[in-house]
Each structure stands twice: as structure tokens, then as C-alpha cells.
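Colleague: Whenever a hint applies, use it, and build me the whole structure from the sequences.
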Amino acid sequence: MNFDLTEEQRVFRQMVREFAEREIAPTVEALDEKGEFPYEAQTKMAELGLFGLPIDEEYGGSGADLVTYAIGVEEVSRASASLGITMAAHTSLGCMPIHFYGSEEQKQNWLVPMAQGEKLGAFGLTESEAGSDAGGTKTSAILKNGEWVINGTKCFITNSGTDITLLVTITAVTGSIGGKKEVSNIIVPAGAPGFTVAPPYRKMGWHSSDTHELAFSDCRVPESNLLGGRGDGFKQFLKVLDCGRIGVAALSVGMAQACLDESVKYAKQRVQFGHPIGKNQAISFKCADMLVDVELARMATLKAACMADAGVNYSREASIAKLFASEAAMRAASEAVQIHGGYGYIEDYPVCRIFRDSKILEIGEGTSEVQRIVLSRSLGL
Amino acid sequence: MNIVVCVKQVPDTSDPDTEVHIDGTGRGVDQSKFSFVINDADNYAVEEAILLKEKHGGEVTVVNIGGEAANQVIRMALAKGGDGAVRLDDESFVYSDVVATARLLKSAIKDLGCDLVLTGCMASDDGYGAVGIALAQMLEVPHAAYVKTVEVVDDKKLKVGRELEGGLLEMNEIEMPCLLAIQTGGNEPRYASFKGIREASKKEIKVMDLAATGLSADEVGESGSVAVMTQYSVPEVGDLAEMIEGDPAETSAKLANILKEKGLV
Ligand SMILES: Cc1cc2nc3c(=O)[nH]c(=O)nc-3n(C[C@H](O)[C@H](O)[C@H](O)COP(=O)(O)OP(=O)(O)OC[C@H]3O[C@@H](n4cnc5c(N)ncnc54)[C@H](O)[C@@H]3O)c2cc1C
Chain A
1 MNFDLTEEQR VFRQMVREFA EREIAPTVEA LDEKGEFPYE AQTKMAELGL
51 FGLPIDEEYG GSGADLVTYA IGVEEVSRAS ASLGITMAAH TSLGCMPIHF
101 YGSEEQKQNW LVPMAQGEKL GAFGLTESEA GSDAGGTKTS AILKNGEWVI
151 NGTKCFITNS GTDITLLVTI TAVTGSIGGK KEVSNIIVPA GAPGFTVAPP
201 YRKMGWHSSD THELAFSDCR VPESNLLGGR GDGFKQFLKV LDCGRIGVAA
251 LSVGMAQACL DESVKYAKQR VQFGHPIGKN QAISFKCADM LVDVELARMA
301 TLKAACMADA GVNYSREASI AKLFASEAAM RAASEAVQIH GGYGYIEDYP
351 VCRIFRDSKI LEIGEGTSEV QRIVLSRSLG L
Chain B
1 MNIVVCVKQV PDTSDPDTEV HIDGTGRGVD QSKFSFVIND ADNYAVEEAI
51 LLKEKHGGEV TVVNIGGEAA NQVIRMALAK GGDGAVRLDD ESFVYSDVVA
101 TARLLKSAIK DLGCDLVLTG CMASDDGYGA VGIALAQMLE VPHAAYVKTV
151 EVVDDKKLKV GRELEGGLLE MNEIEMPCLL AIQTGGNEPR YASFKGIREA
201 SKKEIKVMDL AATGLSADEV GESGSVAVMT QYSVPEVGDL AEMIEGDPAE
251 TSAKLANILK EKGLV
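Read top to bottom, the protein sequences are chains A and B. Residues 1 to 381 in this note's numbering are what the first sequence lists, from first letter to last. Residues 1 to 265 in this note's numbering are what the second sequence lists, from first letter to last.
You can take every hint at face value.
Here are the computed lysine-lysine pairs in the DSS-like style, where the Cα-Cα straight-line distance is at most 30 angstroms:
#1 A:44 to B:195
#2 B:156 to B:206
#3 B:203 to A:303
#4 B:195 to A:303
#5 A:265 to B:33
#6 A:303 to A:359
#7 B:206 to B:195
#8 A:44 to B:202
#9 B:195 to A:239
#10 A:44 to A:34
#11 A:268 to B:33
#12 A:235 to A:138
#13 B:106 to B:157
#14 A:303 to B:202
#15 A:303 to B:33
#16 A:268 to A:359
#17 A:239 to A:138
#18 A:279 to B:33
#19 A:181 to A:239
#20 B:195 to B:53
#21 A:181 to A:235
#22 B:55 to A:44
#23 A:235 to A:180
#24 B:202 to B:110
#25 A:44 to B:53
#26 A:235 to A:359
#27 B:53 to B:110
#28 A:44 to B:203
#29 A:279 to A:268
#30 B:203 to B:53
Negatives, chain B to chain A, calculated, CB over 10 angstroms:
#31 24
#32 26
#33 95
#34 109
#35 113
#36 170
#37 187
#38 235
#39 245
#40 249
Think of the hints as simulated: they come from the structure by calculation, not from any bench. Glycine included, C-beta positions come from ideal geometry on N, C-alpha and C.
Modeller: Right under this line is the structure:
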């Protein structure tokens, strides 16, 4: 057993850390306040290969392992959760479905520009009546004259409406087999006729991340936009979500680490009753607990990534990592604000933003409750 | 144009809250809580070397004195475009001063047949600011320090801008082979891409111990040094400052009195 990163992974972490500190951190507050998408940082990150890390080089990616990907998402998210989710959703949800299931032609057409980071991808599963229960999917796609005719709406879809969004892969009911819904995944390019993107949501956090409701009204795409086999929709997105959970877990670790950094700094400098507040056990213990949370969340995340790289089944570990890391990040954010007192409630301090950015971690890509359901099932309960 | 660029790994003290503690020997600082990075000025030297290579061809060799941990800094320079590296590593190199350090670097550089040697103008940890110049002396080549701009005039000549006080640039022509000690701020150090990092892991880092340098033990480390560092100390906090308290009317009256008493106004 060996807990060390490789030299390549360490050099990579150092690079992303420096990039995040110098190029991302100084812009975060202003973009968050205006709710603007971080185009400039995204372009620079694409040049460094950060928007297609685990995608094969022959399809425009970097050919990195998932451990490297997790390290990258963590370091970016330490500076900006919005950029972290932009990168993670693009990679895990935008690129991975096509990487896993796309035909050679689909990969050449769609995956290459996305893995190079010139274009962004999205995955549309959630609907107003199908959240945790994806079985409730209502969006339909009917094959007519060599085209899929799509009708329905998707909600909360990340990266679906930027200037550089290339496509959204959606789950749709394509028929029924023995009274059961046949669900398939279909690639819908941005600008397809009958596809409209609603104005962005007004969100609690992740203000610089791009989220929209999508409407499909007799939207037509070629038959060849079917991803993998007809009726394989559920099977496919379950595997996609496993990988996505590593992304959200890594995002959570970066945010929890940022909370710890800010808390320790503030606890040393804020003086009340004649000494730094960090000298009070009530405060220092919060930091100690946060350190434990960060360390364990990182271990769980890297373990899941490491298993995925080794090619063994990592569903359960991805679920454990996502559940623990997201809740650890929320705890850390809550305590970080507490340590900052009233200043933590003011936007001048980063913990204020991180607090707003954290809650979604326990909701997106499978709520905490859903993770517990998945884990209970893995125990045979 | 073949270029050698010397890089040093130093503790990251960019965070103003970094705490520095003297270790038990009194001759070092406790490094257990530091993370390590490339010396700031060396980062600009690496960028300059790669810019020159991209424009004029040739090879960039990275030279470092350090243990295995320094590989990280070397790999990063290779990932940005360096071609090969030499790392000087031997227990006997510890406590080398400016002269012994320059001697070690020379031993690695002298047979590389390069046209240009770049160093940072100063290291952020010991702040000597003299290794580059001592190295130029030993290599018997001309040098310029605090260099912010480099232009190639022809095969033999460079035009370099040295930064003086007040942002003034002093332009000089200098014959190659030569050494330039690079100042921060003259270029924009790039970030290594993932692909660059992956390629760097395949490039060779040649390790040279004392025997490989061809130097004798009394030419390196403490015994090869002119100046021996004996001890670090933390300056004592004096009590010369007087804090004046009270509301603005009171404090300004008190301040005026003090200035008058001391005959300063
Ligand atoms: C900012 C943002 C970005 C998003 N990005 C995407 C995206 O890119 N693509 C995409 O497809 N979706 C995306 N989502 C949607 C997200 O994945 C869903 O919100 C999430 O899966 C939960 O679904 P829901 O909101 O419908 O909640 P519901 O499923 O209605 O859940 C409500 C509550 O009930 C609980 N609950 C539900 N069922 C059970 C049960 N059986 N037992 C116990 N408790 C239960 C849930 O845990 C939760 O607490 C995004 C959401 C947000 C807010």
C-alpha cells in the first residue's frame, strides 16, 4: 500500500495550485458578484489541458488518470467552486458519456472539441418531476423519418447555455418494452431547431457556473445522434454518475480545504479578550475537526479515483467519497463562517461565498439521501 | 543557441503569514511545515530561456543543486520546455557559500558547451544575490545582473536591459558566451500544460555526486567556502517605539510636544 502521489501528479498539483492562486483567485469575487461565466480562466485552463484531463489523447484530451483529474478539480475548486463545477460537469457529464459510449464518428465530431476545451458539454437528466427518481423521466424522443423528434423539459442543467456550449446529452423515453419505459441517451447540439435555453437561474451559490432550464419542442436531431444502444440510457448514466461523483467529491475537498485555510488564518489574527481567538479551544478544535474532515474526504476521493484507474468496480467508493466529502465541505463552510463571526456573513470574506457554494454539494449528482440509499443497498438492506 | 538555466528550490514564503523558526542546529530553519517552490527570479530565468529557445532554436539545460525533492522544480522547468537537466547532489555540498556554490555549478556547466547561462538575480531564501556573478567569474565570461530584457543582436551578441532604480532600463550589448542574472518581472512565466508535465517525466535528470564533479571535498561545502554561516538569530524586539494613546486632540498635542522636545521641528 502506498499513499504517495507520483512525481508527475505532484508537479501537476503544484502547477494547478499556482495557476489557481494567481489566475483564478483574483477574479473570483467580481465574477461571482456579477454572475458572470469565467470565460477567460476557462480558455487558459483549456490551453493547459485541464478541460479534458481523463480523455484519451487521440480524442483531444490529456490522457491523464482519474487521480490526476481529482487533484485538478480539487485545486481549482480551492479557489473557485464555480470553475470547479464547470470543469467537473464538463468532463464527467459532458465528455464522459461520449468517451464511454460514443461511436468513432461521434467522438471525432463532438468529443475532440470538448476534450480540447474549446467547447463545453452538458448532461441533461433532471426534470421537474424526475430528480432523485430518474425513472420519472418524461421527455420523449420519437424516431420519424430518420430523425429523433424530442419533446419535454430538463431542469438545472450545468454548462448548457454558455457561448461555447457544444451540446447536451439528454435522457429521453424512446419507447416502451414490455410496459416498461425504454430510455435512451441522445446528443442534442446547441442551436438544434426546437431546442431553447431559458435564462439562467438565480442561484444561492455557484454564481459563475452556468445553469439553465432547457425546453424541447418538436426538436429534431439526426437518428445518428443516439448515444450507444437504444434503451441503454439508464445503464449509461449510472456509470457516468459514478465518475461524476469523483468530480463532486474532489470539488468538495477543495472547498473544505479553502475553509480550513481561511479559518486557521483568521483564528490566528483575530484578537478578542486580549488573545487570538484560535487560542480558545472552542475555536482550535473546530479547525482540528476540519483538518480531519479534509484529510479523510481527500483519502476517500483519491481511493475511488485510484480504483477507477485500476479498472475495478468503484461505484460504492465513489458514493462513499461523494457523500462524505460533500457533507464535510458543508460542515467546514458552516464552521468557517462561525469562526469568522459577523465578518463571515459579509461578502468581503471568501468563507461567505464558500458557504453559499457548499449546500449544492449535498444535492447535485445524487443527494446525500440517495447516496445513503445506494450504500444501504450495497449492504443488502 | 544553447542555454543553461540554473534553478534553486526554496521554501514558499509568498504567504505573509508564513512562520519561520530556527531549527535545533541554529544553522538552519525548521523546514517541516514548508512547501517548496522554484525561486521567484529563477522562474523568470526559465521563461527567458524558453522564449529564446522558441525564437532562436537550440537546447535548454536545467541545472540545480539539491536533493531528490528538488526534482519537482526541475520537472516543472522541463515541462515548460527544458530539454535536459543536471542535479548536483552529495552530502558534502551542504553549507556551500556563494563561492562553493558557483564552483559546483561550473563543474556541471563547463562541458555543456553553451552560449548563454541564465540564473535568477537573487534567491529568496538566503538573499545572497551573488551566485550568478561568481559563476560568470569562474566561467570567465562577461555577465550582466538585474536583467529584465534580452534581445539577440546576432550570433555573437545580445542586447540586454538592466533594471535600475526608479524603473530605468540600462541597455547594454554583451558578447556571448555570457551569463545573465535575471530580475523578476521582465516576462510572464508560463504554466506547464499537463502534456508538458507528462513529457517532462520522460526527460533525463542526470545526477552528479562529488566524484562526478571532479572537485575535491575541500572545494565544496563548508570546507570549500570563503564565508561560513555560523548561526541564524531572530532580531530582538526593541522597546524604542512609544504608542501615543487618546483622542485625536490629545494625541496630536502629545506628538507635537515630543517633536518640540527632541528639537525636530
Ligand atoms: C446548480 C445545480 C446544477 C445541476 N446540474 C445538473 C446537471 O448538469 N444535469 C442534471 O441532470 N441535473 C443537474 N442538477 C439537478 C440535481 O442533480 C438534482 O437537483 C438532484 O438530483 C435532486 O433532484 P431534485 O432537485 O428533483 O430533488 P428531489 O428528488 O425532489 O428530492 C427532494 C428531497 O427528497 C429527498 N428524497 C427523494 N427521494 C427520496 C427517497 N426515496 N428517500 C429519501 N429521501 C428522498 C432528496 O434527497 C431531497 O432531500 C443540478 C442542480 C443544481 C441545483
